[in-house]
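Engineer: Protein chains in written order, with our numbering: chain A, 1 to 92; chain B, 1001 to 1203.
For the record, the hints were derived by calculation from the structure and aren't laboratory data. Cβ atoms here follow ideal geometry from the backbone N, Cα and C, with glycine treated the same way. A hint or two may mislead.
Said to hold, decoys possible - Taking lysine-lysine and the DSSO-like style, the derived pairs with C-alpha atoms no more than 30 Å apart in a straight line are:
#1 Lys44(A) <-> Lys1181(B)
#2 Lys1187(B) <-> Lys1198(B)
#3 Lys1187(B) <-> Lys1006(B)
#4 Lys38(A) <-> Lys1006(B)
#5 Lys1181(B) <-> Lys76(A)
Claimed, not checked - To list a few chain A residues with every Cβ distance to chain B over 10 Å, as calculated:
#6 Met1
#7 Cys59
#8 Pro60
#9 Thr70
#10 Arg71
#11 Leu85
#12 Pro86
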Amino acid sequence: MLQEINETSFMVNDLTLYLDTHPLEEAALLQFQKAMEKRKELLKAYAEEFEPLTMDCVCPDTNNHSACCTRYAGQKHFTWSDGPLPWEGGSI
Amino acid sequence: MWNYEKRLQFPVKITRPCPRTASLIISQFGGPDGEMAASMRYLSQRYTMPCKEVGGLLTDIGTEELGHLEIICAIIYQLTKNLTAEQVKTSGFAAYYVDHTTALWPTAAAGVPFNACEFQSKGDAITDLFEDLAAEQKARTTYDNLIRVIEDPEVREPLKFLRQRELVHFQRFGEALEKIKSDLNAKNYYYFNPEFDKQFIRK
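Generate the whole structure from the sequences, applying the supplied hints.
Structural biologist: Here you go:
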């Protein structure tokens, strides 16, 4: 799923630059809208299944798989530091 | 990966430009204890930090420092907006103006350009966290110095906010140091480097 998030997010990044200089182009606007919707869905699904990738996805009640910093698996906690650090090559 | 939020962490609205004040505050942009050095320090150190939670903390504080960099730049920008040539000449801003007009360029108040030698990334968790604690205190002292000589409340308010954040970061780094130490030999924290001699870390 992370691969899909990467691809969709890169599409958003690239379209952002294009739309910065072509803000009226309808085809690009439509693509941006689609990619952005998909990105939001994917980020939400990833946070529910694994861990949050952005601060806006942090939710102590829906994702608590990590046992780090908790006394028992599933304990309500701040999930922001769950999961591998991106530079450790973890979530590929 | 980073995303930009199109807002300042603390609002900046300065109605009375003052290039002299700007030339002092610029030290918190590119000076020895400025926000650029702070952000680069934490974002450079985080990769080899042996504890995941501390790596995460360095990421979050390093990110917040980028937001502080933006606040400082907004202050300098507004303090030097719509200057006349006469104001440039009489306000102690002329030397900077010659090279950069009113653009933002990272430098210390005394004219020394930003340099990576302002910070360290040493590859030893204890060494680096002490550096971070010292850095927050040095930045706090610099804000104290600025707040002491600047009278305009529109400039003082964001500086006071930034000063407070240095204190919070100092506290959090202190906690991070405690966390690292809890994985080490309490009889001799300096027996080995937790980032390199990983075999000694208690798990």
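Engineer: Non-interface claim for Leu85(A): all C-beta distances to chain B beyond 10 Å?
Structural biologist: violated, 5 Å
Engineer: Does Pro86(A) sit more than 10 Å from chain B, CB to CB?
Structural biologist: Since the minimum Cβ distance to chain B is about 8 Å, Pro86(A) lies within 10 Å and the statement is violated.
Engineer: May I ask you to check that Arg71(A) keeps its beta-carbon over 10 Å from the closest beta-carbon of chain B?
Structural biologist: holds, 16 Å
Engineer: Would you say Met1(A) is clear of chain B, with no C-beta pair closer than or equal to 10 Å?
Structural biologist: Met1(A) is indeed farther than 10 Å from all Cβ atoms of chain B, at 16 Å.
Engineer: Under the criterion that the straight-line Cα-Cα distance not exceed 30 Å, is the pair Lys44(A), Lys1181(B) satisfied?
Structural biologist: violated, 36 Å
Engineer: Take a quick look at Pro60(A) and tell me if its Cβ sits farther than 10 Å from every Cβ on chain B, holds or violated.
Structural biologist: Holds, since 16 Å exceeds 10 Å.
Engineer: Verify this label for me: Thr70(A) is non-interface relative to chain B, using a Cβ-Cβ cutoff of 10 Å.
Structural biologist: holds, 12 Å
Engineer: If we take the beta carbon of Cys59(A), is the closest beta carbon in chain B still more than 10 Å away?
Structural biologist: holds, 17 Å
Engineer: Holds or violated: are the alpha carbons of Lys1181(B) and Lys76(A) at most 30 Å from each other?
Structural biologist: Holds - the C-alpha atoms of Lys76(A) and Lys1181(B) are around 26 Å apart, at most 30 Å.
Engineer: Please verify whether Lys1187(B) and Lys1198(B) have alpha carbons no more than 30 Å apart.
Structural biologist: Distance of about 18 Å is within 30 Å: holds.
Engineer: Going straight from one Cα to the other, do Lys1187(B) and Lys1006(B) come out at no more than 30 Å?
Structural biologist: violated, 49 Å
Engineer: Is the hinted pair Lys38(A) and Lys1006(B) satisfied, with a Cα-Cα distance of at most 30 Å?
Structural biologist: Between Lys38(A) and Lys1006(B) the Cα gap is close to 22 Å, so the pair holds against 30 Å.
This entry does not satisfy hints 1, 3, 11, 12, going by the numbered hints stated previously.
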